[in-house]
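Single-letter residue listing:
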Amino acid sequence: MTSGAIDPAGATADVIIVGSGAAGGMAAFILTKAGLRCLLLEAGRDYDPQKEVNMMAPESDAPLRGAATPDKPFGYFDATVGGGWQVEGEPYTMREGTTFRWYRSRMLGGRTNHWGRHVPRWGPYDFKPFSRDGHGVDWPISYDDIAPFYDRVEKMIGVNGGRIELENHPDSPPGCLMPPPKPRVTEMLIKAAAENIGIPVRAAHTAVLTRDMPNDVAPRSACFNATPCARGCTIGAMFQTTTSFLPMARATGRLTVVTDAMVARVVMAGANRAAGVEYVDRKTGMRHQAKARVVVLAAGTCETTRLLLNSAPGGLANTSGQLGRNLTDSTGASFRAYVPALANRPRYNEDGIGGQHIYIPFWLYKEQKNGTLDFPRGYHFEIGGRFGIPPAAALPRVWGAGLKKAVRSASGATISLTLRGEMIPNKDTFCEIDPTTKDRFGIPVLRFAFRWSQHELNQVAHGQRSAHAVFKRMNAAILGPELPPEQLITAGGEIIHELGTARMGPDARSSVVNSYGQTWDVGNLVLMDGSIFASGAHKNPTLTILALALRASERLAAQMKSGAFA
Amino acid sequence: MTFSRRTTLQWMMAAAALPIARWVPPALAAGEGTPPPFDVIADWPAAIPPPAPAKGYGRDPDLTKPVVPWPLTFTKAQRAMVDLLGDLILPADAQSPGAGKLGVGAFIDEWISAPYPTQLKDRAEVLGGLTWLDAQSWATHGAVFVALTPAQRAELLDALTVANPVARMTAPVQFMDKLRYLFVLGFYSLPEGKADMGYIGDQPTPGDYPGPTPEALAHFEKVIGQMGLAMPKA
Numbered sequence: 001m002t003s004g005a006i007d008p009a010g011a012t013a014d015v016i017i018v019g020s021g022a023a024g025g026m027a028a029f030i031l032t033k034a035g036l037r038c039l040l041l042e043a044g045r046d047y048d049p050q051k052e053v054n055m056m057a058p059e060s061d062a063p064l065r066g067a068a069t070p071d072k073p074f075g076y077f078d079a080t081v082g083g084g085w086q087v088e089g090e091p092y093t094m095r096e097g098t099t100f101r102w103y104r105s106r107m108l109g110g111r112t113n114h115w116g117r118h119v120p121r122w123g124p125y126d127f128k129p130f131s132r133d134g135h136g137v138d139w140p141i142s143y144d145d146i147a148p149f150y151d152r153v154e155k156m157i158g159v160n161g162g163r164i165e166l167e168n169h170p171d172s173p174p175g176c177l178m179p180p181p182k183p184r185v186t187e188m189l190i191k192a193a194a195e196n197i198g199i200p201v202r203a204a205h206t207a208v209l210t211r212d213m214p215n216d217v218a219p220r221s222a223c224f225n226a227t228p229c230a231r232g233c234t235i236g237a238m239f240q241t242t243t244s245f246l247p248m249a250r251a252t253g254r255l256t257v258v259t260d261a262m263v264a265r266v267v268m269a270g271a272n273r274a275a276g277v278e279y280v281d282r283k284t285g286m287r288h289q290a291k292a293r294v295v296v297l298a299a300g301t302c303e304t305t306r307l308l309l310n311s312a313p314g315g316l317a318n319t320s321g322q323l324g325r326n327l328t329d330s331t332g333a334s335f336r337a338y339v340p341a342l343a344n345r346p347r348y349n350e351d352g353i354g355g356q357h358i359y360i361p362f363w364l365y366k367e368q369k370n371g372t373l374d375f376p377r378g379y380h381f382e383i384g385g386r387f388g389i390p391p392a393a394a395l396p397r398v399w400g401a402g403l404k405k406a407v408r409s410a411s412g413a414t415i416s417l418t419l420r421g422e423m424i425p426n427k428d429t430f431c432e433i434d435p436t437t438k439d440r441f442g443i444p445v446l447r448f449a450f451r452w453s454q455h456e457l458n459q460v461a462h463g464q465r466s467a468h469a470v471f472k473r474m475n476a477a478i479l480g481p482e483l484p485p486e487q488l489i490t491a492g493g494e495i496i497h498e499l500g501t502a503r504m505g506p507d508a509r510s511s512v513v514n515s516y517g518q519t520w521d522v523g524n525l526v527l528m529d530g531s532i533f534a535s536g537a538h539k540n541p542t543l544t545i546l547a548l549a550l551r552a553s554e555r556l557a558a559q560m561k562s563g564a565f566a
Numbered sequence: 567m568t569f570s571r572r573t574t575l576q577w578m579m580a581a582a583a584l585p586i587a588r589w590v591p592p593a594l595a596a597g598e599g600t601p602p603p604f605d606v607i608a609d610w611p612a613a614i615p616p617p618a619p620a621k622g623y624g625r626d627p628d629l630t631k632p633v634v635p636w637p638l639t640f641t642k643a644q645r646a647m648v649d650l651l652g653d654l655i656l657p658a659d660a661q662s663p664g665a666g667k668l669g670v671g672a673f674i675d676e677w678i679s680a681p682y683p684t685q686l687k688d689r690a691e692v693l694g695g696l697t698w699l700d701a702q703s704w705a706t707h708g709a710v711f712v713a714l715t716p717a718q719r720a721e722l723l724d725a726l727t728v729a730n731p732v733a734r735m736t737a738p739v740q741f742m743d744k745l746r747y748l749f750v751l752g753f754y755s756l757p758e759g760k761a762d763m764g765y766i767g768d769q770p771t772p773g774d775y776p777g778p779t780p781e782a783l784a785h786f787e788k789v790i791g792q793m794g795l796a797m798p799k800a
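Protein sequence lines correspond, in order, to chains A and B. At position 134 of the first sequence the residue is numbered 134 (the numbering used here), and the sequence of numbers has no breaks. At position 203 of the second sequence the residue is numbered 769 (the numbering used here), and the sequence of numbers has no breaks.
Note that these hints are calculated values from the structure, not bench results. Please read all numbers here as calculations on a predicted model, not as lab measurements. Treat the hints loosely; a few may be bogus.
Claimed, not checked - In the PhoX-like style, the derived pairs of lysine-lysine whose C-alpha atoms are separated by at most 20 Å in a straight line are:
#, chain 1, residue 1, chain 2, residue 2
1, A, 472, B, 788
2, B, 631, A, 51
3, B, 642, B, 631
4, A, 405, B, 642
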């Protein structure tokens, strides 16, 4: 591998940040605000939601009515640029007999431009899972360490939500959350039925503004209750770094952004010190080097790990041997039902703030502790069901006037419960460098191995029983057969909550980084994305990624100001 | 897609974004099923020639100027047949025009011409089904489908929508399931179809989300009352 010339753009940087998604955006914002000069390298192209998002167009304007295709897996108007389950010329491989799906985009702002926006806080149990049930490892930090950062992140990115008041679901202090939207009729019915059989339903925490968020540089408006969020949001109601952290960091005059910069490896100045990175200009294929006092990797869990594995034989910062290991995704399963009582219900506008307004948090911590459940870790249900085109399964096999009547009647009468659950790391689930395959830039690619264990299968089977019990309580017709969990559960990676692979821990023997993402082996090399998670609770990870990145960035800024890594 | 990216997408988006959901598969008890009202059942066509290679719209299309880059498939006769089927499957009534008249046949053509795996599979099913339908029309009535009388067409469509077809009718019934749902998707995603469903939305509504109307709430209270459920607390 030949090394390129020093890139003048990075010549004066204090910190190189690789990746511009949730963690990279937070790092750029905090570090530039602290007076540090940052060079942000983004593998994807430049992206401006204001110019590129087609927010209002009906699906009928799009090819195939906007349906999902391999080119655009979440529909034509989805914000994802240049990626999806595959990126042209940038493959990944799998160990024989295993399946893993890796969702990537190639755009400024990364996957914050099109994400789920469900941002529950993790609770005390989620940081000490080993102490609770003997599986996996504990985090080196507790909920109390992270809570003040949750408070601040909720205010920084704008989160709406209500009180939960349940075990292991910490509530936010006053002033952190914006008011949540009212529930829709379908959601109220799920709440009525679920709570009747002992399953709680609460206002979700969602990273969508319900109040304006004034800012001199990047003002953001409250949601106007229309348009699908996954297209991106030109009014800034949904949090994405391209309408918040990145413009705010640029306004300091201390941020240089280089897009189409595919980082190939970390360049070392000695055994324990990073000098910078080498990257490929995706447009020209030319290699460049950029140097700085500190390198921050926030390329996304598996991409960050790939970089480290490609930076030294056996992997850089891998004294522990944990690099690439402890990979997890959330479990997933979807359940749908047709509710006859909702047929022909009165029409009104159910767009709301885009996604769910309320959800089912995990409610069985006591039973879990007692040992009365056959799975150790929790799950939650996200709630769906709106007016719109009914699914085929909710329509009778008829033609003519009867079909039109059936569509009118069934519109708004189908509901869904979508499970997201915790996976426990296992030895058969990891990523490594493929010994032969390289991407179009000549960079060795990742090879995945993935396996759900019986813990996850039992959990999903329990979820099916719970969802069906809720449906039955409202006399609904369950759509789709009852299935064994092996057939219900999503493929590894499909929920796009990949975490772990460079976990934090108490020491260099058992972990790759400390609780601030600093690698044990290389002091000026800091990881800030989902790779550093020691476990992956069922609760969606982005709020925790942001809180950890905020905590790590402020500590890094303080260290650098006091002369560290000079 | 997580992104609702995944299930957090609008329900309509989700309906459009997922591969077309399967109709409940016919319950096939061995040797049983509802026989069609004709003695001779035409053979399902052996093979549909593959389309000329075409490119999709790629992973980074200009979202502000959507275009369909692949060439269409239907001959004039096929399109006329599909338009006729559209007006039979979703006929004009007081609330909306027929799906054929509204031009949803163009969407069917766009769909079955697309160079993606789901659509390539649907192409074989739809083109095969159109061929079969004409062959069956010939076998029973000595004329192509569009030349049949309304009663003859209705008899065929009834035979293609039975709950439990005989084995030899399974493929034709699955073709009709596919075609019907493509018409549902193509029709109800148009402004005329949304209006037919009484769909309200897609309009910026600044301020707090208003929630259900009093009428919708009154209906909801009635529904949960009948289920013996209590009104949920806010």
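These are the hints, each one checked on the structure:
1. A/472 <-> B/788: holds (18 Å)
2. B/631 <-> A/51: This hinted pair holds, its Cα atoms lying about 12 Å apart.
3. B/642 <-> B/631: Violated, at roughly 28 Å.
4. A/405 <-> B/642: Roughly 30 Å between the alpha carbons, so the hint for residue 405 of chain A and residue 642 of chain B is violated.
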